[in-house]
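Undergrad: Turn these sequences into a full structure, and let the hints steer you where they fit.
One letter stands for each residue in the lines below.
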Amino acid sequence: MGKVILTENLCKYFKKVKAVDSISISIGKGEIYGFLGLNGAGKTTTIRMLLGMIRPTSGSAYLNGKRVSAGNPELWENIGNLVEIPYSYPDLTVYENLDIIRRLRSIKNTNEVNKIITKLGLDPYRNIIAKNLSLGNAQRLGLAKALIHNPQILILDEPANGLDPAGIVEIREMLQDLAINKGVTIFISSHILGEIARFATRIGIIHEGKLILESGVSEMEKLRKKSLHIRTQNPDATKVLLENKGFNPLMSVGGSLEIHDTEALMNPEKIAVTLVNSGFPPVMLVVEEEDLESFFLRVISMNGGIT
Amino acid sequence: MKGIYAALSTEILKTRKSKMLWISMLLFIFIGLMIGILMLISKHPEIAGKSVVINTKASLIGKADWPTYLNLLIQMVLTIGLIGSGIVTIWVFGREYTDRVVKDLLALPVSRIVFVLSKFIIIVIWSIVLLLLLFATAIFAGLLVNLDGWSPALIRSYIILYFVSAFLTVLLCSPVALITCFSRGYLLPVAFVFLTLIMTQFVYAAIPSIITYFPWAIPALFSGVAGSDMPHPGIISYSVLIITSGAGFLGTAAWWRYADQR
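Going down the list, the protein sequences come from chains D and H.
Per my numbering, residue 939 is the first one in the first sequence, and the count goes up by one each step.
Per my numbering, residue 32 is the first one in the second sequence, and the count goes up by one each step.
Check before you lean on any hint, since a few could be wrong.
[What the hints assert, rightly or not] Below, computed lysine-lysine pairings styled on DSS-like, alpha-carbon distance capped at 27 Å: (1) H:K134 x D:K956; (2) D:K1163 x D:K1183; (3) D:K1069 x D:K1057; (4) D:K1053 x H:K33.
[What the hints assert, rightly or not] Which chain D residues face chain H? A few, computed with CB under 8 Å, are given here: (5) G990; (6) A1008; (7) E1012; (8) E1015; (9) N1019; (10) S1026; (11) Y1027; (12) P1028; (13) I1038; (14) L1042; (15) S1044; (16) I1150; (17) L1151.
It is worth saying that the hints were derived from the structure and are not from the lab.
Backbone N, C-alpha and C define an ideal beta-carbon position, used for all residues, glycine too.
TA: This is the structure in structure tokens:
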């Protein structure tokens, strides 16, 4: 199956600064690709290259098999986008701002504006001028502009910015529905792995312009570190006992012991039996998975750290 | 030109809804009335009383009759026209950058050159409307002041002179657009507009031999207000003006098409 979004060794240098360094990504139809990175990692520059807003220093990008170029306006007929903070014409109302996009997208039916206003929950703000909108509603207006023409590809730069928790869930569900039921391909950037991992099918992590990790969300589970946490009435003696059994327990600040040995992680019940038989029955014994943000920061620190 | 109608209709909507349109129209009506008031004072110096400044300004005008008044109006269209169309250009292009909405226009199924063209169409229409308002208000004020020397033939000849001068002046808005897009803001193009005014005066005073080739001086040379001793612009002069205008337009279009839109 042809790739819907494809980049080949995409590079962008701003003078001597390598903002994006040889990014190659390929995304199939209906995928939700989470593009993760810290601020300044190169996410927005990549997105702007995907949208023909800036020209790559080298490499190329393709959407639906067509090479991205500023001179090919037909390319954008089936693509919706939201880049950085969505600004709109401040003196125009929500309706008027969307009507501008409707006209420029040659959508004949003016009712499409009303439909998208309702879909994004902007009905109460329909006649409010954009400069008086809250950040969350400005973001919804930006998403409405991206979605008004029912695009087959969505390229969204941190769409959760400014949304409240209920709004984040709502938008997430809307995007999931588009991908699963309408086959829309979504490229979405974020700096919060925990948020993006909830609905992306694949994750790419960009750091200092380089794609340092790419993985399916289920495979990513395997990459996350696991550890066994044990608490007993006598942690010091328990530590000695476990060391004698060949494990490498670490004492944590809260007084619990942390073991990373694979055998312990695979068979925590055997550890429990050992502890009980040795007179140190555990009051807590749990296998914990590294949380997503720790995983994200660990991956980044393994690739040059946070500069 | 696919999308030109859509682009133009959205430009009209944006212009119609902006305060700038109404402020600029009021300002040009005000300027028209002020010229009339100045003529009234020139005719009746006792109105200004002891105000030395106003009396001095009014006395500079000379005779309070229609030919003097219309000449003053031509001078106004050359300077106010250049500043007015310059500000309109800066607003039409610059707001896309200062409101940070330009990125919304870049990934749409409408060619970027169409956006540039529709913006220039709006700028020309808007500028001409302002200069029409200035002319109409000034004529109305002149009639109220009851100046001497009115004749329909005189008005007719000045109407042509006024609007051709206005059109030639408005043609020079395109380099301002290029500088606005290049600087992504208002300050540099405003400085450029005033620099062109100063440079015109400088060329006029210091190197008059090249004045027929200096684009910003050509509308004044055409109008004849620069003085009877000044050369009349020839085909080369008009070519220089058209090339400058064309270069500004093509430069702006190329900027939208090829420059990185960050």
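Undergrad: State for each hint whether it applies.
TA: Quick rundown of the hints versus the structure:
Between H:K134 and D:K956, the direct Cα distance comes to roughly 22 Å. Compliance with the 27 Å bound is thereby established for this hinted pair. Proximity of D:K1163 to D:K1183 is assessed by CA-CA distance (about 22 Å); at most 27 Å being required, the pair is judged to hold. Simply put, D:K1069 and D:K1057 have alpha-carbon atoms about 21 Å apart, close enough for the 27 Å limit, and the pair holds. Of the pairs offered as hints, the one joining D:K1053 and H:K33 holds, with about 26 Å between alpha carbons and a cut-off of 27 Å not exceeded.
Given hint, D:G990 at the interface with chain H, holds; its Cβ is 6 Å from that chain's nearest Cβ, closer than 8 Å. With a least beta-carbon distance of about 6 Å to chain H, the hint placing D:A1008 at the interface is held under the 8 Å criterion. Proximity of D:E1012 to chain H holds as hinted, the smallest CB-CB distance being about 6 Å (cut-off 8 Å). The closest approach between the C-beta of D:E1015 and any C-beta of chain H is roughly 5 Å, which is under the 8 Å cut-off, so the hint is satisfied.
Hint on D:N1019 holds. Least Cβ distance to chain H is approximately 5 Å, under the 8 Å limit. Taking 8 Å as the C-beta contact cut-off toward chain H, the hint placing D:S1026 at the interface holds, the least distance being around 6 Å. The interface hint given for D:Y1027 holds, since its Cβ lies 6 Å from the closest Cβ of chain H, which is under the 8 Å cut-off. Below 8 Å, beta-carbon pairs count as interface contacts, and D:P1028 has one with chain H at about 6 Å; its hint therefore holds.
Interface restraint check for D:I1038: the shortest CB-CB distance to chain H comes to about 5 Å, inside 8 Å, so the restraint holds. Checking D:L1042 against chain H: minimum C-beta separation of about 5 Å stays under 8 Å; hint holds. Using the Cβ-Cβ criterion of 8 Å, the hint placing D:S1044 at the interface with chain H is satisfied: the shortest such distance is roughly 6 Å. This hint is violated: D:I1150 has a C-beta 24 Å from the nearest C-beta of chain H, more than the 8 Å allowed.
Contact between D:L1151 and chain H, as hinted, is not supported at the beta carbon level, the nearest pair being about 27 Å apart and thus beyond 8 Å.
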